[in-house]
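Colleague: For reference, the chains in residue letters:
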Amino acid sequence: MNDGNFGQGEYTGDGKALFWLALRTGCLTLLTLGIYRFWGKTRIRRYIWSSARLEGSRFEYTGTGLEMFLGFLLAVVFLAVYLGLIQILLFWFGLTILAEPQTPGQALLQMAGFSLSAVAVLPFIFFAIYRARRYKMARTRWRGIRFGMEKAAWGYAFRAMGYWALTLLSLGLLTPLMTFRLEKYMTDRSWFGTARFVQQGRWTALYGCMWHILNGLALFACGALSLVLDTPMLAVLLLPVGAVWLVIGVISYQVQSFAYLSRHKVLGGTVAFEASPRTRTVIGTYLLGALLLGLGLSVVTGVLGGIAAFLLFGRDIDPTGGGLQPAMIPPVLITVAGYLLTLIAARAGALALITQPILKHYVTTLGVTNLPALAEIRQRAADTGADAEGFADALDIGGAI
Amino acid sequence: MQGAAHLYDGQSATRHPVQVVLSRERQALVITGAGHAAPLVWPLQDLRELHDHADEGQLILTRHLETGDESLRDPARLVIEDPEMAAWLRRTRPRLARRDLRAGTWRRIGLRAGGALAAVLLMIFVILPALAGTLSRLIPMEKEIAFGRDVKAQIERVFGATEAGELDCSGPDGLAALDRMVARLTEGQEIGYPLEVSVIDHEMMNAFAMPGGQIVVMRGLLEGADGPDMVAAVLAHEIGHVVHRDPTRNALRTAGSVGLLGLLFGDFSGGAAMVFLGERMISASYSRNAEAKADAFAFDMLRSAGLPPSALGDMFERFRQKFGDDDGPGAHFASHPRLSDRIAAAGAASTGDSPHRPALSPQDWRALQDICDIRANTRDSD
Chain C
444 MNDGNFGQGE YTGDGKALFW LALRTGCLTL LTLGIYRFWG KTRIRRYIWS
494 SARLEGSRFE YTGTGLEMFL GFLLAVVFLA VYLGLIQILL FWFGLTILAE
544 PQTPGQALLQ MAGFSLSAVA VLPFIFFAIY RARRYKMART RWRGIRFGME
594 KAAWGYAFRA MGYWALTLLS LGLLTPLMTF RLEKYMTDRS WFGTARFVQQ
644 GRWTALYGCM WHILNGLALF ACGALSLVLD TPMLAVLLLP VGAVWLVIGV
694 ISYQVQSFAY LSRHKVLGGT VAFEASPRTR TVIGTYLLGA LLLGLGLSVV
744 TGVLGGIAAF LLFGRDIDPT GGGLQPAMIP PVLITVAGYL LTLIAARAGA
794 LALITQPILK HYVTTLGVTN LPALAEIRQR AADTGADAEG FADALDIGGA
844 I
Chain X
332 MQGAAHLYDG QSATRHPVQV VLSRERQALV ITGAGHAAPL VWPLQDLREL
382 HDHADEGQLI LTRHLETGDE SLRDPARLVI EDPEMAAWLR RTRPRLARRD
432 LRAGTWRRIG LRAGGALAAV LLMIFVILPA LAGTLSRLIP MEKEIAFGRD
482 VKAQIERVFG ATEAGELDCS GPDGLAALDR MVARLTEGQE IGYPLEVSVI
532 DHEMMNAFAM PGGQIVVMRG LLEGADGPDM VAAVLAHEIG HVVHRDPTRN
582 ALRTAGSVGL LGLLFGDFSG GAAMVFLGER MISASYSRNA EAKADAFAFD
632 MLRSAGLPPS ALGDMFERFR QKFGDDDGPG AHFASHPRLS DRIAAAGAAS
682 TGDSPHRPAL SPQDWRALQD ICDIRANTRD SD
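Residue numbers (my numbering), protein chains in the order written: chain C, 444 to 844; chain X, 332 to 713.
Isolated chain C, as found in the complex (with noise of 0.2 Å):
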């Protein structure tokens, strides 16, 4: 297959590595209060981003921690402006329409009040989510090639709005229509040097990769059936194994659906992409990471404790006495210590078992047909970023990396 036509992605990160990466960073992030996160993200993202490989050519983060500071500072402004304006209003709204409702029309105003203060972020969220693509997008390189993509945050946070809402009514029968076409928008606006990706296909098609999800949901049916029909024997069988099928399918449809997106874009017009993620191996690595992780974690808190409950033995404590004795200082000192170091260490090693082995999956099927034609491409004008992730850092969106 291999004739020089046909690339395919190849993954290089290493655990051990990025897990000592994500620790230390993690420790320097405690001891400046959270400052460090924006440059220990970016270290992590430059590590990840050159461990993928496609014809020979690694990808390249070239954002920086000190923009992502500086953005985050922006968007602190903004933020905290709006949302102190918020809340205040809605506590006050709230409590002018508190006290026992009299009426079901009052019970449903007070439920609105208090549910508004969601989605008067919610506009930012999806801004935020185009945002952070678009600065991600703006800080990869391919062969010294920059991506990019259009600035149509505030369209992409309104049409999310609008399919959010179109998924909600329809009792999610729509879910198909909304990945696709919140896809399409995206794609449609990304850029490698001076080619455009499209995003082909019909969202129709999605609805193959509910499939699972529709089987967990017939399951879960039919044991609410039985339990009507009085035959708890089969209830107790059919829930369980529905609810756990609705999690596979829900799983399923993320994968499959980002296989059938992936398949049907096209770059510059001529290049084309393969891609055969099976969800399988994604919730098998899923689960093993979890496991390994949690054996782990196991392990050191036990050995914290331990160390804990040695150092509180035999010291001078009277049990009955109240309050914070001198003597119980170091032993309390080093319990929030290893709390905290645990607490960083968890996330290392959700990175490195967990979340880095499915990347690599994702990457390792993925592949680029039209090779030659990428060579053509050229250089794009550099983007400054806006706000730099700035947004979504402080809503807390954005995931692992």
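Simulated from the structure, these hints should not be mistaken for lab results. Here the structure is a predicted model, which is why all the values come from computation and not from measurement. Be careful, since some hints might not be right.
What the hints assert, rightly or not - Covered stretches of chain C, as calculated for chain X (at least 3 residues, CB under 8 Å):
no. : region
1   : 510-522
2   : 529-537
3   : 685-692
4   : 696-709
5   : 721-731
6   : 811-820
Claimed, not checked - Take a look, some chain X residues computed to stay more than 12 Å from chain C by CB distance:
no. : residue
7   : A417
8   : L453
9   : V489
10  : Y617
Quick reminder that beta carbons are idealized off the backbone N, C-alpha and C, glycines included.
Keeping the supplied structure of chain C fixed, place chain X upon it in accordance with the hints.
Modeller: Chain X only, in chain C's frame:
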């Protein structure tokens, strides 16, 4: 020193196999074969490497260059896989690892950080309190009273009640005495709320005002007081909070600043603790002001009821004997002004106290102190 490498020129996605040699003066790398007629010359002092690179067998070089990019780097990349050349460069060029900052970076950081800090402080200390004051006046009174009952129920739950009103003390003579005391204090005064004073069966030496005219006195305060005047003084202070709408305003302001602090500290280990601490500090700086105003209100109220303002000072003296004054760094987190200052203020307010009729008669005072012999739930089960 010479060898083979690959060059991405930063202009096209073509991969150029190139030859790299050290220039004759040993001042630059000369790169030939990049599709250009003339070889590229990269001065050695401008060479920089890419950090955190996953492949240890590769050294990726770029140049320090004034560009409009995110960093001061030439978009061109030279990929060196020849181990000898990579080792030579790493050994002889310590500048490879240098990170170059654009001129004026520190000024930009300072401006942004200062601006963000100013915006947050402006919100927390000016805009949110002002808004809380305005909004607290716009709440219909019956809603505020309902909110106050809610808050009281929550406080009771904190002190171990499973249902609202369970801890309320209801000795009939004690309640009558309490009513007489409140009536004497509020006679001829405009409170603005229907006052609901209740005693809770708990040993804590304290009293609270809640939104909508609710005041709760703990049994511990009745037991710790030397006489009815001290209890009346504390009541006058809490009535001051009610009149100034402090509890409602405080709840509104807290809602705003917690939302804002959650945004600032939300994303690292221990963030919730920082939000709590931050809110404590902010609310302390407000309530110190509110406490001083409530004290001043209490002095006036006591005087017009024919009671000595010094009674409040006496009560604070009891607090100080019991808990000690809060000095040192902890004082900044304490939600009340320093007791010694407040005792001094009470002394200053009560120059020349004449002999007076105590707030309650001796038998009423005894009845009030015994009010918790009967609790709401025990009476119900009689």
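Colleague: None of the hints should be skipped; say for each whether it holds.
Modeller: Hints versus structure:
no. : hint    : verdict
1   : 510-522 : holds (count 8)
2   : 529-537 : holds (count 7)
3   : 685-692 : violated (count 0)
4   : 696-709 : violated (count 0)
5   : 721-731 : violated (count 0)
6   : 811-820 : holds (count 4)
7   : A417    : holds, 15 Å
8   : L453    : violated, 9 Å
9   : V489    : holds, 19 Å
10  : Y617    : holds, 14 Å
Consistency note: the structure conflicts with the earlier hints numbered 3, 4, 5 and 8.
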